[in-house]
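Student: Take a look at the letters that make up each chain.
Number of protein chains: 2
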Amino acid sequence: MRFIPTELKDAHIIELEPREDNRGFFARVWAKDEFAEHGLVDRVVQMNLSYNRLAGTLRGMHFQHAPYAETKLVRCIRGAIYDVIIDLRPDSPTYKRWIGVTLTAANRLALYVPEGFAHGFQTLEDDTEVFYQVSQYYTPSAEGGVRYDDPAFGIEWPLPVTEMSEKDKRWPLFNG
Amino acid sequence: MRFIPTELKDAHIIELEPREDNRGFFARVWAKDEFAEHGLVDRVVQMNLSYNRLAGTLRGMHFQHAPYAETKLVRCIRGAIYDVIIDLRPDSPTYKRWIGVTLTAANRLALYVPEGFAHGFQTLEDDTEVFYQVSQYYTPSAEGGVRYDDPAFGIEWPLPVTEMSEKDKRWPLFNG
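Residue numbers (our numbering), protein chains in the order written: chain A, 67 to 242; chain B, 67 to 242.
Hints are computed from structural coordinates only; laboratory data are not their basis.
Certain hints may be false.
Since the list gives no way to pick one copy over another, a pair counts as held whenever it fits inside one copy or between any two copies.
[Claimed, not checked] Result set (DSSO-like, lysine-lysine): computed pairs, CA atoms no more than 30 Å apart in a straight line: (1) K233 x K75; (2) K75 x K98; (3) K98 x K233.
A quick note: this is a predicted structure, and the numbers were derived from the prediction, not measured.
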């Protein structure tokens, strides 16, 4: 695995290093020790799958309040997504900045989302599946969100939104 | 998640319980606490991806010797495999018995492989990807294997073998 820093402090893109032979290839996609060596959170308690029927589906922007803040490792195992994170840590040099990374079943990239970031994605193809591992158990009472179209961040989404939950449409505007 | 016992003691099939809405669905695919509650090993230290070009590719049958014995949770995220495990625990009531389970990107089943089992699979389609999580770090010196066609087990593979490693062709015959 290659750990590629992003413009946002502590967030990384993980690229596979496949070993090829006549059968195909083998690659490590996560290893507790390597994540710890790179200073990333190495705890995993849950893994989730999100299936999305239509291109343009948007889920986000989500986070968990402390002390239930979580790190996520996000990958797309079918189709493609534009994966977006926002740094919501007031003491961070990249506070309130966002980045988007295209994760696809073909490029096999993963995005490591540190604690204190909001996370969301938009599907770029129909029938897209997102697989992500999480460092904390989900605690409904700690759930938080910011609006995908909040002018405080100005996220540029690649497609018109086709599907979204009512909950995600109604997150309050940010006033941090 | 539903934990479905198999004919082999301690081995389980994990079936997802998707929650559907207008966007698609969400499903938990692993949770440390739920695995522990069902008496399964809840430790994960590594996750791997195996890509296979051709239908008929066979990888197996692999295990790790104690004290490096590992549990695996195997899923197919693209294409389809026939996933096979053999119970190699001399004190087990199902010692030397094998089962095969068809895991596909469409049925989203996972197979939980306990410690002391040999594991392998044959791809049923071209371009098949297998994602599996492991409870122990890989220790090359602890690597063991049995032959996919060992008459001691009589595994019935669904397809003629198209690709296989030299190492897998040469595991010794079993004399347990």
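Student: Hint by hint, note whether the structure agrees.
Tutor: Quick rundown of the hints versus the structure:
{"no.": "1", "hint": "K233 x K75", "in the structure": "within (29 Å within a copy, 44 Å between copies)"}
{"no.": "2", "hint": "K75 x K98", "in the structure": "both (21 Å within a copy, 29 Å between copies)"}
{"no.": "3", "hint": "K98 x K233", "in the structure": "between (34 Å within a copy, 28 Å between copies)"}
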